[in-house]
Amino acid sequence: MNLLSQTVRLAEEGGAAHAPVVAPDTGAGGVFDLLWLVIALPLLGAFLLLAVAPFLQGSLKAAADKHGHLVGTAMSALSFVLSLVLFFALLGRGAEERQVGQQLWTWFETGSISVGMDLLYDPLAALFLLLITGVGSLIHVYAIGYMEHDARRRRFFGYLNLFVAAMLTLILSANFVGLFLGWEGVGLASYLLIGFWQHKPSAAAAAKKAFVVNRVGDIGLSLAIALMFATFGTTDFAGVSEVAGEASQDTLTALGLLLLLGACGKSAQVPLQSWLLDAMEGPTPVSALIHAATMVTAGVYLVVRSNFIFELAPIAQTAVVVVATVTLLWGAILGCAKDDIKKALAGSTMSQIGYMMLAAGLGPAGYPYAIFHLLTHGFFKANMFLGAGSVMHGMDDDVDMRHYGALRKAMPVTFLTFAMGYLAIIGFPGFSGFWSKDRIIETALAENLLVGLLALLGAGITAFYMTRLMLMTFFTEKRWEKDVHPHESPKVMAVPLIVLAALSVLGGVLLLGDWIKTWLEPVTGTVEHHEPPLPAIVITLIITAVVAIGVAAAWFLVGKRDVPREAPQDVSFATRAARADLYGDAINDAVVVRPGASLVGGLATFDRVGVDGAVEGGSAAVGGLSTAMRRLQNGFVRSYALSVLAGALLLVLALLAVNLA
Amino acid sequence: MILTILILLPLVGALVTAFSPAALARLVGIGFAGATLLAGVVAAVQYEVDAGMQLTETYVWIESLGVHYALGVDGLGILMVLLTVVLVPIVLLAGWRESDAEGNSGAKSFFAWTLALEAMSLAVFTATDVLLFYVVFEATLIPAYFLIGGFGRSGRGRAATKFLIYQLAGGLVMLASVIGLYVVSANSGTPSFLLSDLAAIDIDPITQRWLFAGFFIAFAIKAPMFPVHTWLADTTEKATPGTSVLLVCILDKIGTFGMLRFCLGLLPDASQWATPAVVVLALISIIYGALVAIGQDDVLRLIGLTSLSHFGFIVLGIFVFSPTGGTGAILYMVNHGIATALMFLVAGFLIQRTGTASIREMGGVEKSAPVLAGFFLVGGLAAAGLPGLSPFVSEMMVIIAAFDHHWLVGSVAVLAIVLAAFYALWMYQRTMTGPGTTPVADLDKREVGILAPLALALVVFGFFPMPLLDVINPVVDDTLAQVGIAQEGGQQ
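If you read the sequences in order, they're chains A and B.
Read in the working numbering, the first sequence has 208 at position 211, and its numbers run on one by one without any break.
Read in the working numbering, the second sequence has 648 at position 392, and its numbers run on one by one without any break.
Only chain B is shown next, with the shape it has when bound in the complex:
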């Protein structure tokens, strides 16, 4: 029941917020987000490491089609749930005043849509029925569309439309594969959309490849990967930083989540068949994303593009099919969520103060706002994979696994550590250092309170990632077993 509660809480919260008086809406919204966080923690406490899919609920929905309302989480799912329930309250607090600013659709609307998006995302991460997954996967687009279109800078309408078109195209392609899966299932006996039933079917290689193409394209757009990434830069540039956190740190994870669940889980032969192409695309994303990020003048656009590079690492880790790569990829999904959220939110606070997002027009902020500059630097260094901050561990794992896969793959991927250091520190240099123009106010208590947990998490998981890894390792072993790769004997 806990998973249903987890989805219903923010969904009801969205409705209640939407119909509460304007003065109360924010309190109601944050209240529901807090309750959801609590429910997420309860779920995490109930979760048992290394016990497979659990907290399951299965009800028949459309019997003749084999559709179920089926929920459950494994290690990957529970981590994504936790990431979501933690980030949403932070985003709401960060948008406390901003969403009421002139030209935006109002705090009430922001809070309601955010909660709706949280509900849909949680449903995506817990759905164990493919059709249910598809429905909620598409449903996330509605709140996302209104969040992009209703809040942010001018030009956001076009960005929202572009976002929608891309995602819609991906969704349609995936729909074809979903139908294909149904056909396969129906042909092998009783039709069923349950993941566990589908995984048991031995799908012939050629069919697998077609189905793989559908899922992979949809997830590559979501993740995003080169060359279907261009919605990302426009969206993050125009939307509010809070919305970008929801999109890039939570919603985009559905892409890599789906690759693990559907591509590797249901279509193992096709996944291995596609590996060379996917690895090359991932490498291009890593290097290309970092290079393009260096060339940006808009802080938010720059941060958005760094995610292209980071998602390249995640996809690379998934598709080298090794315990270290898979674990690195999933850990990367968590770390990227924390680090990128920190970057977007600090940048948001910075832009509120300078009144511009153009790096060229900023400078010398550190002098008057050292605490803000400190958080900005921590975020940048995390993106650059500095050891001691959590993204290092996952990035190193992916590089190790990529190198093991083929030395050339590892050698290309590792170039990102130079490029990332460059975009992070060059951005810091141009915005924070120098003689400075007009002084800006340093972060207030609310803002420090929003950012400090994220920065703290980066440091704590940088030195003590084992609690996360204990949850991740069994999932990776299970997934690799499904792909048919026997786990290498642990050396130690």
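One chain only, chain A, in its complex shape:
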């Protein structure tokens, strides 16, 4: 694939120790020459399913509709196999050589800037590739069953493939413009999939809201790209990381804050969080893949990937920590009040991404744990979303947990797999989430006591709302109607659940011997770890105790009481606020939507009456055009040819006059 390759400047070795320079080896050869294929496979799937299939005729069209999902799943699976091969190839190289580049073609170039379609495969990208294609393939398989009765299943798989291709582009791009291509691509896929059932006005509105709110974040990313060009003349990771140290402090702070704005949009961090709960309108496999495991974590990736900027911009790093801390609590509080199982999980996703962001904001000490938690969360949250989908599948698509109860008997596989995810997220000792969250809280405590304590509080709330969800769904007495017959889902849905449950349990192995920390070192650098205020084992015990309190509280408040089928209305202000998403939408409405609507309506009228009137009236007054206009309208002078003739005559006369003079 080197036929289109262009040489671009590569960074030299060097730079500050805490902000490693990205210096990809572009001539790695071997299997690394196939890097582009990781993206191309799902892209081909999307192309076939979305751009070719609709124009087929007769039996071919029928075959495409009937078997299209297999093409989509195969493309994703092939991409996963290739990702595995690439991973082991990278593992086989020395730590110094684990940055491989591939230059595909020059995307665009002007007199002063040049942007290449360049890929960068390094330890960070390698982990993401496995997560995206691995979990992605499992979800493809699951969706074969989940979407079986949907007439537009082929299209659904086309969108899923499009998403995978875009997400891989986001991760593999070697510069910020290419990253932005993937960034917007996943936004498009998310838009299409949230609105997949767009005959429902709520789904169509949620899809648009997600895209538009994300675009507010994109202002940040776009301006960051512009600022990089203005400051460094490039957006290549290699180029920027090499010279970032030479930029002024204000520039670096601005860059960090702009990138954070972008990250807030994509990762549903406060204040751009409002779209994520609405996004649950999408089919559940979408919620699992895009709005839990992969796309929404892209903001965390952006911060970790841009470590060479954030490391030099302490104010921006502080902003990341503040946003993250607010969001991890915000999401957890929403999770406590929701009766819709998917929305409760979505609140939880916000909160967990808050943890990742928090770690990412803590610098090199936190980066590996941000990615570690991102991976374990990818496993257990995808697991639980798919589990929720399985429950909905058996409950005639009812999402209200107040209508569930005692489902553990009717759906044993779903229950057991869901329970693994549950134990992982609350941080039950030994499960994957235990290791990842524990490290984040520990690091936070070492860096800043207040932030650490708030993160600890968040762990307690997480245990509370997840236990509440678990109890309302699988325990307590049954509350479903007579004509509902909960049943276990088919094997094609159960197998992905089992695999993800296993990963939720075992994900912690990545931390064995600090493997993930060492693995990511070429990307994130190393730093002297601050000593936590207490011995690590004591902190772990405290966290576990807080989690136990959360579980116990849920048991006493939910498990030991009757759960009413209708949500009680005489509740405290706090509950009402949490149910209303902490008034996030109300604030948006008051600050943006309503003034915006008035402005737009006013301007539209102003344009018709004001500007038009002023220009017409003004020009008429000045040029005496009103007479001409009336005549033209009266049909007095129908042909404009006369006017042109008059103009031409005038011209000739004037020219003659000048010449004679």
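No lab work stands behind these hints, which were simulated from the structure alone.
Keep in mind that the hints are not guaranteed to be accurate.
Each computed SDA-like pair below joins lysine to any residue, with the alpha-carbon atoms no more than 25 Å apart [what the hints assert, rightly or not]:
| no. | chain 1 | residue 1 | chain 2 | residue 2 |
| --- | --- | --- | --- | --- |
| 1 | A | K58 | B | V627 |
| 2 | B | K701 | A | R149 |
| 3 | B | K701 | B | G362 |
| 4 | B | K701 | A | L57 |
| 5 | B | K701 | A | V49 |
| 6 | B | K623 | A | D62 |
| 7 | A | K58 | B | G362 |
| 8 | B | K623 | A | V209 |
| 9 | B | K623 | A | V49 |
| 10 | B | K623 | A | A48 |
| 11 | B | K701 | A | A59 |
| 12 | A | K58 | B | P626 |
| 13 | A | K58 | B | W682 |
| 14 | B | K701 | A | A50 |
| 15 | B | K623 | A | F193 |
| 16 | A | K58 | B | E319 |
| 17 | A | K406 | A | T515 |
| 18 | A | K63 | B | A279 |
| 19 | B | K701 | B | P626 |
| 20 | A | K197 | B | G362 |
| 21 | A | K58 | A | H196 |
| 22 | A | K58 | A | G142 |
| 23 | A | K197 | B | W682 |
| 24 | A | K58 | A | F193 |
| 25 | B | K623 | A | E478 |
| 26 | B | K701 | A | E478 |
| 27 | A | K58 | B | R702 |
| 28 | B | K701 | A | S56 |
| 29 | B | K701 | A | L45 |
| 30 | A | K63 | B | K623 |
| 31 | A | K63 | A | V49 |
| 32 | A | K197 | B | P691 |
None of the values given here were measured: they were computed from a predicted structure.
Start from chain A and add chain B according to the hints.
Just chain B now, kept in the frame of chain A:
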């Protein structure tokens, strides 16, 4: 000779079409449009990248006044020629049946006037003599007037008159500057209207400013820019979508084409002097156009107003005087032509089916016509600058250059990416999604055949814009050299 052939073909075609029997008129018309397309491709093949003005033809027309029949193309010219010869056959195919509909002036008339407009537009994009340019610039108004007035919805007569008045006013102001140029030329020796002769004259700054004002006002009306844009919304609302494609995607480009050729090319000092005011007007156009578009209920009017925002970007790119800005602006002219043509034509097919252009009265079209909805979404996303579709590249370039010019300018311009996403997706939401009313037929083969090349071009140039940029970059370097801005050393 090829450029003369290029202009004569559609001109003769217009006459032949007008006098052929009604049954044959459309075939004759499309035949000439196809031949013109072929001639355009031949010209493009002969064109050499980075060789300045070429394919030139120069004949003295009025010797005593220094007027020439002089043609030639540079990178900008050849791209505008190609855009024109590609879009015209597409518009004719799209208007195949529509122009014969009740209340319209008939297909024969539509085809003939369209070819006449094509001939005049090609003459504008290839003229290298200022007086010749002025004459054909004015001459485009005749076919345009009859296309607006003869086809479309009720109220089109008034829209046509309004269009004419605006353009006429612009033309008269420009005429003053054309005469002024002649005076300057005559005073410096032998009078000449040739661009190359005029560019060599060192015009004093004060005179430049007066001349600049004349040209700029005319081009700002044409482009259009705030506040002289209001003809645009009325025209696109009342005219047929095909006519709107001709007007907005081809004819309006004369405005920004003229700014580059005449304002920057002949009056560099005045252009730089006027930059702050022009940049502010461009920013207002970008934001104001997008906001007003959001507030529209008429699909065609909405699409027309989005162009106000897009032309703001083009003008902004031209007037920040940088390689990236200039290249972005010219690329934007091409991309906007493709994307907006797609939007207008899909909207036209949609309106034929729903019988209304009111967004409020539509809904749920996707359910029964997914292919139509798909094209509509691609067009909307292109307008919103989604990466992967060609307008993104040009818009990003302009934003980068604007930010480099002044961070505040870039920061205001970038707001458009949110507003554009909003008008595009909100329009899609209200027309295509929801439970739907009465089912409509999906696009037929002819309609898909019309739209597919446009959608394909958006994707191909979204990922591979380099063939276009290779043509554009040298023009921008030349233009900036004329303005006296040394090209920044390329970093890579």
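Broken hints, numbered, in rising order?
7, 13, 16, 17, 18, 20, 25 and 26
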